Amino acid sequence: HDCRQWSHRQRLIRDRLLLADADIVCVQEAAGDTFASDFEFLHADGYESVLHKKFRFRCATFYRPSAFKLLSVAHEDRALVAKFASASDPSLALFLANVHLSGGASPDRRLRQVHGVTERVRKWVAADA
Numbered sequence: 003h004d005c006r007q008w009s010h011r012q013r014l015i016r017d018r019l020l021l022a023d024a025d026i027v028c029v030q031e032a033a034g035d036t037f038a039s040d041f042e043f044l045h046a047d048g049y050e051s052v053l054h055k056k057f058r059f060r061c062a063t064f065y066r067p068s069a070f071k072l073l074s075v076a077h078e079d080r081a082l083v084a085k086f087a088s089a090s091d092p093s094l095a096l097f098l099a100n101v102h103l104s105g106g107a108s109p110d111r112r113l114r115q116v117h118g119v120t121e122r123v124r125k126w127v128a129a130d131a
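Residue numbers (the working numbering): 3 to 131.
I should point out that these hints are in silico values taken from the structure, not numbers from a laboratory. Note that the structure is predicted; figures quoted are calculated from it, not measured. One or more of the hints may lead you astray.
Subject to a maximum C-alpha distance of 30 Å in a straight line, what follows is the list of computed DSS-like cross-link-like pairs (lysine-lysine) [said to hold, decoys possible]: (1) Lys56 to Lys71; (2) Lys71 to Lys125; (3) Lys55 to Lys71; (4) Lys125 to Lys56; (5) Lys55 to Lys125.
Work the whole structure out from these sequences, hints included.
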């Protein structure tokens with residue numbers, strides 16, 4: 003049996019993520035066309051999700067609605083930025099950036115990616131002030 007096959011890797015990912023029992027899980031390189039079936043196990047375990055709306059391989063953020071309420075989402079350059087409120091104390095906000103930085107010889111793009119994420123959060127904070 004080939005360890006490179008998706009079914010084998012999916013089982014390992016499922017086991018690791020469910021064992022972690024995290025309130026938020028960030029994934030990069032989720033395939034948009036098979037996302038629902040690839041990560042059905044997280045939805046079955048009570049997670050809700052947001053998937054980046056562009057690119058073949060996308061960022062996906064999973065969260066437990068019992069712990070967080072999703073307030074806003076922004077789709078940046080290979081980055082999914084989310085604003086959550088704590089379910090136990092709605093006055094507490096969590097800003098989360100799930101970013102797949104560009105590789106290779108493109109440091110300017112990586113810097114723009116990080117800048118775009120921080121600007122999005124800055125604007126959300128300013129709007130709440």
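TODO: With a cut-off of 30 Å on the C-alpha distance, tell me whether Lys55 and Lys71 pass.
DONE: Given pair Lys55, Lys71 holds - Cα atoms ~20 Å apart, limit 30 Å.
- [ ] Take the C-alpha atoms of Lys71 and Lys125, compute the straight-line distance between them, and say whether it is at most 30 Å.
- [x] holds, 19 Å
Open item on the list: With the threshold set at 30 Å, check whether the alpha-carbon distance from Lys125 to Lys56 stays at or below it.
Closed with: Judged against 30 Å, a Cα distance of about 22 Å means the pair holds.
Task: Straight-line alpha-carbon gap Lys55 to Lys125, limit 30 Å - done: Status holds; Cα separation ~21 Å.
Task: Distance restraint between Lys56 and Lys71, which requires alpha-carbon spacing of 30 Å or less - done: OK: Lys56 and Lys71 at ~23 Å, within 30 Å.
In the structure shown, no violation is registered for any of the earlier numbered hints.
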